[in-house]
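2 protein chains.
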Amino acid sequence: MTKLLSRTALLALTPALIAAAQPSEVPAEQIAELRTAALDDTLAYDITEGLTTEVGPRLGGTEAEARARAWSVKRLEALGFANVRVEEFQMPTWVRGEEKAHVIAPFPQELIVTAFGQSGSTGPDGLTAEVVGYDDYAAFLAAPTADIAGKIVFISHAMPANQDGSGYSAYGTPRFQGPRVASERGAAAIIVKSIGTDSDRMPHTGSISFGDATPIPAGALSVPDAEQLQRMLKRGRPVTLHLLMTPRQIGEQTSGNVIAEVPGRNSDAKKLLVSCHLDSWDNSPGVFDDGAGCGIVAAAAKRIMDAGRPYRTIEIVWFGAEEVGIHGGAAFAERHDGNDYHAVAESDFGADRVWQVTTNLGAERKAEADALRLALYPLSIVSGSYEQAGGADIGPLMREGAPGISLRQDGSRYFDLHHTPNDTLDKIDKQQLQQNVAAWVTMLAVMSGGIEK
Amino acid sequence: MTKLLSRTALLALTPALIAAAQPSEVPAEQIAELRTAALDDTLAYDITEGLTTEVGPRLGGTEAEARARAWSVKRLEALGFANVRVEEFQMPTWVRGEEKAHVIAPFPQELIVTAFGQSGSTGPDGLTAEVVGYDDYAAFLAAPTADIAGKIVFISHAMPANQDGSGYSAYGTPRFQGPRVASERGAAAIIVKSIGTDSDRMPHTGSISFGDATPIPAGALSVPDAEQLQRMLKRGRPVTLHLLMTPRQIGEQTSGNVIAEVPGRNSDAKKLLVSCHLDSWDNSPGVFDDGAGCGIVAAAAKRIMDAGRPYRTIEIVWFGAEEVGIHGGAAFAERHDGNDYHAVAESDFGADRVWQVTTNLGAERKAEADALRLALYPLSIVSGSYEQAGGADIGPLMREGAPGISLRQDGSRYFDLHHTPNDTLDKIDKQQLQQNVAAWVTMLAVMSGGIEK
Numbered sequence: 018m019t020k021l022l023s024r025t026a027l028l029a030l031t032p033a034l035i036a037a038a039q040p041s042e043v044p045a046e047q048i049a050e051l052r053t054a055a056l057d058d059t060l061a062y063d064i065t066e067g068l069t070t071e072v073g074p075r076l077g078g079t080e081a082e083a084r085a086r087a088w089s090v091k092r093l094e095a096l097g098f099a100n101v102r103v104e105e106f107q108m109p110t111w112v113r114g115e116e117k118a119h120v121i122a123p124f125p126q127e128l129i130v131t132a133f134g135q136s137g138s139t140g141p142d143g144l145t146a147e148v149v150g151y152d153d154y155a156a157f158l159a160a161p162t163a164d165i166a167g168k169i170v171f172i173s174h175a176m177p178a179n180q181d182g183s184g185y186s187a188y189g190t191p192r193f194q195g196p197r198v199a200s201e202r203g204a205a206a207i208i209v210k211s212i213g214t215d216s217d218r219m220p221h222t223g224s225i226s227f228g229d230a231t232p233i234p235a236g237a238l239s240v241p242d243a244e245q246l247q248r249m250l251k252r253g254r255p256v257t258l259h260l261l262m263t264p265r266q267i268g269e270q271t272s273g274n275v276i277a278e279v280p281g282r283n284s285d286a287k288k289l290l291v292s293c294h295l296d297s298w299d300n301s302p303g304v305f306d307d308g309a310g311c312g313i314v315a316a317a318a319k320r321i322m323d324a325g326r327p328y329r330t331i332e333i334v335w336f337g338a339e340e341v342g343i344h345g346g347a348a349f350a351e352r353h354d355g356n357d358y359h360a361v362a363e364s365d366f367g368a369d370r371v372w373q374v375t376t377n378l379g380a381e382r383k384a385e386a387d388a389l390r391l392a393l394y395p396l397s398i399v400s401g402s403y404e405q406a407g408g409a410d411i412g413p414l415m416r417e418g419a420p421g422i423s424l425r426q427d428g429s430r431y432f433d434l435h436h437t438p439n440d441t442l443d444k445i446d447k448q449q450l451q452q453n454v455a456a457w458v459t460m461l462a463v464m465s466g467g468i469e470k
Numbered sequence: 018m019t020k021l022l023s024r025t026a027l028l029a030l031t032p033a034l035i036a037a038a039q040p041s042e043v044p045a046e047q048i049a050e051l052r053t054a055a056l057d058d059t060l061a062y063d064i065t066e067g068l069t070t071e072v073g074p075r076l077g078g079t080e081a082e083a084r085a086r087a088w089s090v091k092r093l094e095a096l097g098f099a100n101v102r103v104e105e106f107q108m109p110t111w112v113r114g115e116e117k118a119h120v121i122a123p124f125p126q127e128l129i130v131t132a133f134g135q136s137g138s139t140g141p142d143g144l145t146a147e148v149v150g151y152d153d154y155a156a157f158l159a160a161p162t163a164d165i166a167g168k169i170v171f172i173s174h175a176m177p178a179n180q181d182g183s184g185y186s187a188y189g190t191p192r193f194q195g196p197r198v199a200s201e202r203g204a205a206a207i208i209v210k211s212i213g214t215d216s217d218r219m220p221h222t223g224s225i226s227f228g229d230a231t232p233i234p235a236g237a238l239s240v241p242d243a244e245q246l247q248r249m250l251k252r253g254r255p256v257t258l259h260l261l262m263t264p265r266q267i268g269e270q271t272s273g274n275v276i277a278e279v280p281g282r283n284s285d286a287k288k289l290l291v292s293c294h295l296d297s298w299d300n301s302p303g304v305f306d307d308g309a310g311c312g313i314v315a316a317a318a319k320r321i322m323d324a325g326r327p328y329r330t331i332e333i334v335w336f337g338a339e340e341v342g343i344h345g346g347a348a349f350a351e352r353h354d355g356n357d358y359h360a361v362a363e364s365d366f367g368a369d370r371v372w373q374v375t376t377n378l379g380a381e382r383k384a385e386a387d388a389l390r391l392a393l394y395p396l397s398i399v400s401g402s403y404e405q406a407g408g409a410d411i412g413p414l415m416r417e418g419a420p421g422i423s424l425r426q427d428g429s430r431y432f433d434l435h436h437t438p439n440d441t442l443d444k445i446d447k448q449q450l451q452q453n454v455a456a457w458v459t460m461l462a463v464m465s466g467g468i469e470k
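Residue numbers (my numbering), protein chains in the order written: chain A, 18 to 470; chain B, 18 to 470.
Be careful, since some hints might not be right.
Which copy is meant is left open, so a pair is good if it fits within one copy or across any two.
What the hints assert, rightly or not - With a cut-off of at most 30 Å between alpha-carbon atoms, the simulated DSS-like pairs for lysine-lysine come out as follows:
| id | residue 1 | residue 2 |
| --- | --- | --- |
| 1 | K383 | K470 |
| 2 | K447 | K251 |
| 3 | K444 | K117 |
| 4 | K251 | K444 |
| 5 | K91 | K251 |
| 6 | K470 | K287 |
| 7 | K383 | K287 |
| 8 | K383 | K444 |
The set of hints was computed from the structure by calculation and includes no laboratory data.
Whenever a hint applies, use it, and build me the whole structure from the sequences.
Below is the structure:
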């Protein structure tokens with residue numbers, strides 16, 4: 018920072034630099050050129066392919082995530098970004114163990130189960146108990162506690178797919194709240210129908226919180242397995258299940274945020290932050306969640322860098338340990354000030370096309386928000402809220418005052434894959450991925466304060 | 018047989034019985050009525066749902082398959098079929114153990130693998146070896162044996178989905194031939210890209226034969242895992258894999274064919290045989306393969322029984338132990354004579370609609386073959402070969418001379434599910450299942466020799 022200021026001071030009298038140090042609008046033709054060229058992007062796919070092939074699964078806090086950081090630093094440096102670095106932090110770390118579910122009676126057979134992050138353990142011998150089943154979370158809440166104590170609670174739901182992903186909130190309660198409440202009500206364990214929209218025998222993991230309650234074994238059945246269990250329960254005879262899940266806490270471990278920059282002409286100007294999360298769940302290479310997001314934001318930033326020097330510095334942040342508790346976002350906000358950002362944005366909803374833009378830049382920046390919408394319109398991106406934007410990892414920065422932009426992706430098939438082993442490279446639709454890069458480079462161009470050759 | 022002849026002799030003089038003992042054509046109106054009513058069938062689904070929920074997976078030779086036989090006898094008796102029985106046989110039995118694959122270097126991560134039926138074991142400690150990869154079976158055959166000895170052979174392919182399932186033969190060679198040849202060429206183990214058309218992390222199991230070669234560990238990677246391994250190999254660095262597969266042979270065990278009848282008016286007349294297989298692979302409840310087939314043929318036979326008494330006896334056979342070596346079909350042909358059948362048919366290709374009928378009734382029965390085609394046409398079923406029909410379990414009977422009929426199902430998505438955990442009830446399209454029942458009841462009506470009230 019000192020070095021850049023000195024250099025600026027030395028040359029401060031030249032008229033070109035005076036112009037360069039001022040924000041300007043990017044000409045519509047330049048935006049159109051960047052936007053159109055990005056529709057042929059190959060870098061986002063290459064990054065996604067490389068990370069998810071050469072590292073694969075990379076659970077927050079583990080050695081695999083450390084390999085992912087090393088891979089990322091090397092890749093971002095090779096792309097020519099400046100100031101590539103890791104900001105490490107410590108975090109409590111949970112790792113998966115064995116997991117099996119076996120119906121003992123009346124219809125002996127295996128069911129496919131996976132533990133939620135932070136699940137308790139059954140111990141190595143597992144536990145055997147009767148299953149009490151509920152068709153939805155409300156039915157579970159309404160059930161007498163005497164029915165639940167000592168039992169394995171099973172909660173279902175009927176989550177449909179939708180474009181904006183809102184079903185995750187609407188139908189996710191059995192996972193988000195169920196384990197804590199089941200523990201408080203004395204259940205031996207809880208299994209829920211996967212919070213997912215597919216018909217694959219792929220249980221969807223995800224993080225849970227017990228709050229002050231004692232952790233109990235808590236996991237997801239795949240959608241077909243949950244339906245199988247429901248059919249058994251509807252027959253009216255007691256269903257006894259043997260459940261084995263042996264995850265464990267391995268204490269504080271190191272994670273980190275990987276940061277890279279496209280230096281701006283004015284290092285004192287408020288910055289742009291574009292982000293994704295580098296970690297994944299342990300059961301997949303994490304392509305939709307969120308290798309593709311890292312590919313998209315880096316590819317877009319690279320296109321700005323190659324076009325010239327933006328007025329504002331662009332920070333690329335590949336957050337660590339998002340899945341297991343948004344540790345990276347929290348650590349970043351501790352070290353950085355949300356008020357230093359002109360805008361922050363996060364790509365963490367797969368690789369399908371951006372269909373809507375929302376902003377919360379504030380009423381005084383309505384013209385800028387409109388310019389952004391206008392520039393995105395040729396990509397078939399429609400306008401959403403002027404008062405809402407966000408993302409898991411940028412949430413802490415936004416609570417400090419950072420204005421946000423959301424380039425919202427089509428989530429119609431996101432919850433088919435989310436947190437399952439099926440989140441693999443073959444799911445990428447390259448054309449939709451390219452449209453994402455085009456949307457992000459457009460956003461960066463509009464917000465950049467002008468790009469000088 | 019003696020008893021039935023005596024009864025016929027006693028009553029031989031009544032005119033009604035003389036009529037009843039002669040085959041006749043079924044009036045077109047009666048066929049149309051049976052065909053149309055079957056499009057609202059619920060029984061095929063009920064049978065499929067019951068078997069696959071209450072028994073679940075039922076590998077040939079195991080206790081689970083015995084439970085399936087007991088379930089079937091009870092269900093077929095409850096439906097009112099005559100002479101419900103089990104014809105037991107003995108068979109060598111293989112059971113799955115643990116299975117894991119872990120890339121040691123250069124890109125450490127788990128791959129999802131499953132053993133083929135009859136696979137050898139790695140032993141409890143597994144084996145570690147370099148992977149030698151081939152893009153297809155021809156490349157494997159062309160490779161020098163020195164490249165293969167002591168290595169883990171990986172063979173890929175590029176199987177597309179198709180309507181008639183012919184891709185299974187065309188692309189299945191890595192599984193059908195690969196393990197034996199890899200053993201003969203000194204490989205430590207073999208893993209192949211699943212013979213499947215999906216993009217799920219669901220390896221497709223299946224039976225293999227080593228012939229006189231020594232069994233080696235042999236299994237399938239899921240399609241995305243195979244593609245992941247291919248990407249690793251294409252990077253040109255040696256890939257080392259740790260493979261653990263511990264299946265074992267548990268000796269001769271009991272299996273059996275479950276048989277039920279719709280008695281015909283003339284017990285001396287050649288019979289009709291409709292069939293499916295009762296067993297499934299151990300990794301799924303076996304809905305498409307082949308619970309639905311059992312539902313279809315039983316539901317169709319029940320509709321004939323409810324309509325009156327056919328001239329010919331209809332035999333329903335739910336074969337045992339098909340997947341693991343067509344043991345049920347072989348045992349049945351040993352005890353029964355293919356020449357006792359007017360026609361034999363088998364439903365074992367899922368639950369999607371019948372799109373084509375083929376026959377090999379012989380040139381002298383062309384009129385009958387045409388009558389069948391005409392009666393199936395309203396179900397959008399087109400005409401195929403007059404000289405080819407078949408099925409795995411009816412194959413031995415046909416080799417003895419039994420004429421065959423094939424009601425060929427749409428296989429476009431069959432190899433998405435085939436031999437994977439994903440072969441579950443939710444995959445059933447009820448309307449297509451009902452069309453199957455309509456096709457089968459139509460076929461039975463045409464071939465029945467007349468149905469008397």
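Can you tell me if K251 and K444 fall within 30 Å by alpha carbon in one copy, between copies, both or neither? Between copies, since 20 Å is at most 30 Å while 36 Å is not.
When no copy is specified for K470 and K287, does a C-alpha distance of 30 Å or less occur within a copy, between copies, both, or neither? within (20 Å within a copy, 89 Å between copies)
Taking 30 Å as the upper bound on the Cα-Cα distance, should K444 and K117 be classified as within, between, both, or neither? Classified as both; 27 Å inside a copy, 24 Å across copies.
Checking an output row: K91 and K251, CA cutoff 30 Å. Within, between, both or neither? between (55 Å within a copy, 20 Å between copies)
Is the C-alpha distance from K447 to K251 at most 30 Å within one copy, between copies, in both cases, or in neither? Answer is between: at 20 Å across copies they meet the 30 Å cutoff, but 44 Å inside does not.
Under a CA distance limit of 30 Å, which applies to K383 and K470: within one copy, between copies, both, or neither? Within one copy only: 28 Å inside a chain, 81 Å across chains, cut-off 30 Å.
Cα distance capped at 30 Å. Does K383 pair with K287 within a copy, between copies, both, or neither? within (18 Å within a copy, 85 Å between copies)
I want to check one pair: K383 and K444. Are their C-alpha atoms no more than 30 Å apart within a copy, between two copies, both, or neither? neither (37 Å within a copy, 49 Å between copies)
When held up to the earlier numbered hints, the structure conflicts with hint 8 and nothing else.
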